[in-house]
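Undergrad: In case you want the letters, here they are:
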Amino acid sequence: MTVLLLAEISQGHLVTDHVARALSAVSALGEVDVLIATDEAGADAAAQAARLRGVRKVLLCEAPCLAHGLAEPVAALVRSVAENYSHIVAPAATYGKNILPRVAALLDVMVISDVTALKDPETFERPIYAGNAVQQVVSSDPIKIFTVRTTSFPPAPEGGSASVEVISAPADPHLSAWVEDRIVVTERPELTSAKRVVSGGRGLGSKQNFDAIIHLADKIGAAVGASRAAVDLGYAPNDWQVGQTGKIVAPELYVAVGISGAIQHLAGMKDSKIIVAINKDEDAPILKVADYALVGDLFTIIPELSQKI
Amino acid sequence: MKLLVPVKRVVDYNVKIRVNPDGSGVETSNVKMSMNPFDEIALEEAVRMKEKGVASEVVAISIGTQQAKETLRTALALGADRAILVDATSDMKQDIEPLLVAKILAKIVAEEKPDLVIAGKQAIDNDMNATGQMLAGLLGWGQATFASAIEISAGSAVVTREIDGGLQVIKVALPAVITTDLRLNEPRYISLPSIMKAKKKPLEEKSLADFGVDPTPRLRVIHTDEPKQRSAGMRVGSVDELIEKLKNEAGVLS
Chain A
1 MTVLLLAEIS QGHLVTDHVA RALSAVSALG EVDVLIATDE AGADAAAQAA RLRGVRKVLL
61 CEAPCLAHGL AEPVAALVRS VAENYSHIVA PAATYGKNIL PRVAALLDVM VISDVTALKD
121 PETFERPIYA GNAVQQVVSS DPIKIFTVRT TSFPPAPEGG SASVEVISAP ADPHLSAWVE
181 DRIVVTERPE LTSAKRVVSG GRGLGSKQNF DAIIHLADKI GAAVGASRAA VDLGYAPNDW
241 QVGQTGKIVA PELYVAVGIS GAIQHLAGMK DSKIIVAINK DEDAPILKVA DYALVGDLFT
301 IIPELSQKI
Chain B
1 MKLLVPVKRV VDYNVKIRVN PDGSGVETSN VKMSMNPFDE IALEEAVRMK EKGVASEVVA
61 ISIGTQQAKE TLRTALALGA DRAILVDATS DMKQDIEPLL VAKILAKIVA EEKPDLVIAG
121 KQAIDNDMNA TGQMLAGLLG WGQATFASAI EISAGSAVVT REIDGGLQVI KVALPAVITT
181 DLRLNEPRYI SLPSIMKAKK KPLEEKSLAD FGVDPTPRLR VIHTDEPKQR SAGMRVGSVD
241 ELIEKLKNEA GVLS
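Going down the list, the protein sequences come from chains A and B. Under our numbering, the first residue of the first sequence is numbered 1, with each subsequent residue one higher. Under our numbering, the first residue of the second sequence is numbered 1, with each subsequent residue one higher.
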């Protein structure tokens, strides 16, 4: 069995942590080739991927139409090499979720989203209903196509030295075009791979008050997360949202401040190692999943915590 | 411009679901069902396009059991002009796979010839996030997933997409498939008069046999289990105690 791993590319760079975790998820299946689809500056990303242990070969495809990861040309590329592989996989981030289902349809196979465990080459485990149930499915498709929930697997280490093979892209289907990216620039750790996450919710009351969360996060080197309510109220940007429809995180420490703990939020963080909940409501559902719960006024607790920690 | 909006009947998002202890699946009988929240957003966007004069007709489609008629009546009350039900199973427990849904939708697209399909980004039951992309692939159309803003201009749609790290704007040629993210709009409430009016709107029924597609699922569900439960935690009385526990008991702070 041979696996093709579609490397996630963001802003022209390899998203190494996600690729390394997807790699460790599939390493037991057999040899793994990593496919890099990008514009004419893919050498760095290819070199980075080649250093990951467990990679047999890096396939580098550079073409102007592959810039910005548009689904149609990248899916056409994956399809063009698919017949050499028994499994095609990508990290379950927006990049892979956009592209792999299209590839699956082109090959007339199903896609299996957000795989959290591989039981054998045909049997996969995945969460459904916002993580409130776990399903085991057996695929009868000739090629298994799936995305990997990166938080469920450790990253594969560096120390590899795979060769890089340059391949050519199929013709640009010209169905879509990139206009612009509006990326939030941040020095903080990336939310989905951070070891610590501090998240704020509706209880913060305003964007100004949300700064107390950011301050606490910076103090302990954490990424900042938010509940949907906090995002909808404008306290935090969209891409900080943790939950069923936002990001899935599983850090060592997750601190939920002023977050009630709706099903949809829990879906995004309940696999964290240690959960701390700070809430004034004794009955908030978040307290039921918290390892340490502190009931009280967050406006006095958070400054005190920031100062003493 | 004609719009097609696929809508799915799912367990209401507020319901705490129950997993059957024998591993056979999730309890779906006698549970409150609703339209998938992302599909409401898709329908709302379509209806707004019609209200702005951008679209001329909105057709809602649902694929599943007879009970999905309720969901289509809701769609009609929200402003869809007509509805199509594809009766694909009599078993409430059977979730129709995205690949089969996409194949049926592709056939309906071939018949209805819409200029745009607007679908939700994912259904909150199977959490697949695949049908829109699969449909676009089958049709050979462009796709714009996770949309938080859509602007239609001569022969194309400029779509703002929610991606990791921020937003991406792309332009996709029509016809195309767009899938909606949460922040695209806020769906309206249904008024009583619109419910009455919806009863008179056309709802066409089709069966799986009308489409000549192989309904055999590609994925066989062998077991559905409860997720691992977290062990009960503890209440701490002060910030000092919390810091002490995190450092010495949990070892997540130094």
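In short, the hints are calculated from the structure, not lab data. Careful, some of the hints might be misleading.
Computed spacing ranges between beta-carbons, pair by pair [as the list claims (entries may be wrong)]:
#  : chain 1 : residue 1 : chain 2 : residue 2 : range
1  : A       : D181      : B       : S254      : 35 to 41 Å
2  : B       : I243      : A       : I214      : 15 to 21 Å
3  : A       : D297      : B       : A173      : 44 to 50 Å
4  : A       : D17       : B       : E205      : 48 to 54 Å
5  : B       : E226      : A       : K280      : 28 to 34 Å
6  : B       : E226      : A       : G12       : 38 to 44 Å
7  : A       : D17       : B       : H223      : 29 to 35 Å
8  : A       : I214      : B       : N20       : 42 to 48 Å
9  : B       : K93       : A       : P142      : 45 to 51 Å
10 : A       : P170      : B       : A232      : 51 to 57 Å
11 : A       : P142      : B       : D22       : 29 to 35 Å
12 : A       : S168      : B       : E27       : 35 to 41 Å
List of simulated lysine-lysine pairs, BS3-like, C-alpha gap at most 30 Å [as the list claims (entries may be wrong)]:
#  : chain 1 : residue 1 : chain 2 : residue 2
13 : B       : K228      : A       : K119
14 : B       : K2        : B       : K228
15 : A       : K288      : B       : K245
16 : B       : K206      : A       : K273
17 : A       : K219      : B       : K245
18 : B       : K50       : B       : K245
19 : B       : K247      : A       : K219
20 : A       : K273      : B       : K197
21 : A       : K288      : B       : K228
Residues of chain B clear of chain A, computed beta-carbon distances all greater than 12 Å [what the hints assert, rightly or not]:
#  : residue
22 : K52
23 : S56
24 : Q66
25 : G79
26 : D81
27 : S90
28 : M92
29 : M134
30 : A154
31 : Q168
32 : R183
33 : P193
34 : R235
35 : L242
36 : I243
Because the structure is a prediction, the values reported are computed rather than measured. We put the beta carbon where it would ideally sit given N, CA and C, even for glycine.
Undergrad: Each of the hints needs a verdict: does it hold here or not?
TA: Verification of the supplied hints:
1. Against the hinted window of 35 to 41 Å, the Cβ-Cβ separation of D181(A) and S254(B) comes to about 37 Å, which satisfies the hint.
2. Here the CB-CB span from I243(B) to I214(A) is close to 19 Å, well matched to the stated 15 to 21 Å.
3. At about 54 Å, the beta-carbon gap between D297(A) and A173(B) misses the expected band of 44 to 50 Å.
4. Remark: the range hint 48 to 54 Å for D17(A) to E205(B) is upheld by a beta-carbon distance near 49 Å.
5. Our hint of 28 to 34 Å for E226(B) and K280(A) holds, since their Cβ atoms are close to 30 Å apart.
6. A beta carbon spacing of about 42 Å between E226(B) and G12(A) agrees with the range 38 to 44 Å that was offered as a hint.
7. Under the hint 29 to 35 Å, the C-beta atoms of D17(A) and H223(B), about 31 Å apart, fit the expected range.
8. Taken as a hint, the range 42 to 48 Å holds for the pair I214(A) and N20(B), whose Cβ atoms sit roughly 43 Å apart.
9. The supplied range of 45 to 51 Å is broken by K93(B) and P142(A), whose beta-carbon atoms lie about 27 Å from each other.
10. Between P170(A) and A232(B), the C-beta spacing of about 55 Å keeps the proposed range 51 to 57 Å intact.
11. At about 32 Å, the CB distance of P142(A) to D22(B) agrees with the hint of 29 to 35 Å.
12. Under the hint 35 to 41 Å, the C-beta atoms of S168(A) and E27(B), about 52 Å apart, miss the expected range.
13. A threshold of 30 Å between alpha carbons decides the hint, and for K228(B) with K119(A) the separation of about 17 Å falls inside it, so the pair holds.
14. Restraint check: the Cα-Cα separation between K2(B) and K228(B) comes to about 46 Å, which exceeds 30 Å; the hinted pair is violated.
15. Distance restraint check for K288(A) and K245(B): the Cα-Cα separation of roughly 18 Å lies within the 30 Å cut-off, and the hinted pair is therefore satisfied.
16. About 49 Å separates the Cα atoms of K206(B) and K273(A), which puts this hinted pair outside 30 Å; it is violated.
17. Distance check on the hinted pair: K219(A) and K245(B) sit about 18 Å apart at the alpha-carbon level, within 30 Å; holds.
18. Proposed proximity of K50(B) and K245(B) is contradicted: the alpha carbons are some 58 Å apart, above 30 Å.
19. Note on K247(B) and K219(A): the hinted pairing holds, with a Cα-Cα distance of about 15 Å set against a maximum of 30 Å.
20. This hinted pair does not check out: K273(A) and K197(B) have alpha carbons roughly 52 Å apart, beyond 30 Å.
21. Using a Cα cut-off of 30 Å, the hinted pair K288(A) and K228(B) holds, with the two alpha carbons roughly 14 Å apart.
22. Once the 12 Å rule is applied to beta carbons, K52(B) is consistent with being away from chain A; the minimum gap is 21 Å.
23. Residue-level check passed: S56(B) sits 24 Å from the nearest beta carbon of chain A, beyond 12 Å.
24. The claim that Q66(B) is not at the interface with chain A holds, since no C-beta of that chain comes within 12 Å of its own (minimum 23 Å).
25. Every beta carbon of chain A lies more than 12 Å from that of G79(B), the smallest distance being close to 23 Å; the non-interface claim holds.
26. With a closest Cβ-Cβ approach of about 28 Å to chain A, D81(B) is found to remain outside the 12 Å limit, as its non-interface label requires.
27. Distance to chain A confirms S90(B) as a non-interface residue, since its nearest Cβ pair spans about 22 Å, more than 12 Å.
28. Against chain A, the non-interface label of M92(B) holds: every CB pair exceeds 12 Å, the least being about 15 Å.
29. Distance to chain A contradicts M134(B) as a non-interface residue, since its nearest Cβ pair spans about 4 Å, not more than 12 Å.
30. The beta carbon of A154(B) sits about 14 Å from the closest Cβ of chain A, which is more than 12 Å, so the claim that it is off the interface holds.
31. A beta-carbon of chain A comes within 12 Å of the beta-carbon of Q168(B); the shortest separation is about 5 Å.
32. With a cut of 12 Å on Cβ distances, R183(B) falls inside the contact zone with chain A, its closest approach being about 6 Å.
33. Separation of P193(B) from chain A is adequate, the least Cβ-Cβ distance of about 29 Å exceeding the 12 Å criterion.
34. With a cut of 12 Å on Cβ distances, R235(B) falls inside the contact zone with chain A, its closest approach being about 5 Å.
35. Interface exclusion of L242(B) from chain A breaks down, the closest Cβ pair being 5 Å apart, not more than 12 Å.
36. Annotated as non-interface, I243(B) brings its C-beta within 12 Å of a C-beta of chain A; the closest such distance is 6 Å.
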